[in-house]
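Participant: The sequence shown begins at 1 in the UniProt record's numbering and counts up one residue at a time.
By construction, these hints were calculated from the structure, which means they are not laboratory data. C-beta atoms are modelled at their ideal positions from N, C-alpha and C, and glycine is treated no differently. Among the clues, some could well be false.
Label-pair distances were calculated between CB atoms; the ranges are [as the list claims (entries may be wrong)]: (1) 88 <-> 24: 13 to 21 Å; (2) 34 <-> 216: 54 to 62 Å; (3) 62 <-> 85: 40 to 48 Å; (4) 24 <-> 176: 40 to 48 Å; (5) 174 <-> 58: 38 to 46 Å; (6) 64 <-> 26: 42 to 50 Å; (7) 34 <-> 62: 45 to 53 Å; (8) 90 <-> 216: 20 to 28 Å; (9) 200 <-> 60: 46 to 54 Å.
In silico EDC-like links for lysine to aspartate or glutamate, alpha-carbon gap of 16 Å or less [said to hold, decoys possible]: (10) 29 <-> 49; (11) 29 <-> 17; (12) 29 <-> 135; (13) 29 <-> 196; (14) 193 <-> 17; (15) 193 <-> 19; (16) 29 <-> 19.
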Amino acid sequence: MATLNTILERATTILNDHEEGFINTTWSKAELLGWAQEALEHIAELRPDNFTTTMNIPLRPGSAQEAPEGVRAVLDVFGNVRANADGSTEISDDVSSVDQNLIRRFKKKRCLPEDDDGVCGDPGDNYRVTNFIRDPFNMRRFRVEPPVPEGANVEVSASVILIPSVEEGSLDDEIGVSATAVLHWVLMRAYAKDMESEFATRERAFYYSAFYSALGEGYFADSRISSGFHLGLEGHGDPRSGAPRELRKISGGAA
């Protein structure tokens with residue numbers, strides 16, 4: 001599996017920006033890193049399963065919650081995280097997913113879990129989340145029922161889409177997605193810097209199409225290219241497929 005450094009070195013070579021003593025002169029490494037981050041963001045939109053993982057999310061007081069930075073979406077909440085006496089943790093008390101419109105139909109506020117005597121529980125005693133409600137307008141936000149009481153230390157285990165943050169310190173980290181697609185996006189953005197060169201325009205269009213083709217999204221790419229999207233000409237141009245040449249791939253990289 002290719003590393004981020006492998007991808008950037010390959011991009012620098014293809015861009016012919018690797019002369020000894022003058023490496024990354026036209027396209028700085030910071031620019032390439034930023035475009036690699038963009039690539040991951042776009043891949044997450046098309047292939048969210050590549051970024052799906054499980055993590056514990058600390059909850060704040062009240063019903064409304066928001067995922068930590070870097071999380072694109074909260075897909076599901078499995079249960080409450082319980083601390084054991086030996087310091088280990090376990091997931092207990094399954095959480096049910098409830099439709100937001102259904103919750104609104106209930107006039108009576110949900111009672112906290114009952115105590116041993118069957119009485120409505122104390123807000124600070126044995127609290128647990130029972131229901132999880134997705135925000136239909138923002139996948140990073142969600143609600144829990146009953147609301148988290150003030151002073152309670154609560155975590156839930158959740159399935160999330162987590163996009164890694166690309167930084168210079170992470171150059172040796174393996175890319176867990178299509179390295180070829182990331183490379184193609186970086187090259188597309190690099191050639192987009194030159195808006196007057198006919199060669200750069202052709203390369204930009206090719207790598208834009210190649211990015212989607214690497215992810216199995218060839219039809220979408222062709223429709224976008226034919227519209228003139230990459231040139232700021234949305235709605236112009238006749239339908240035509242991408243350049244008929246072999247896609248450039250990273251040797252040993254993830255397809």
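Participant: Failing hints, ascending?
Facilitator: 1, 2, 3, 4, 5, 7, 8, 10, 12, 13 and 15
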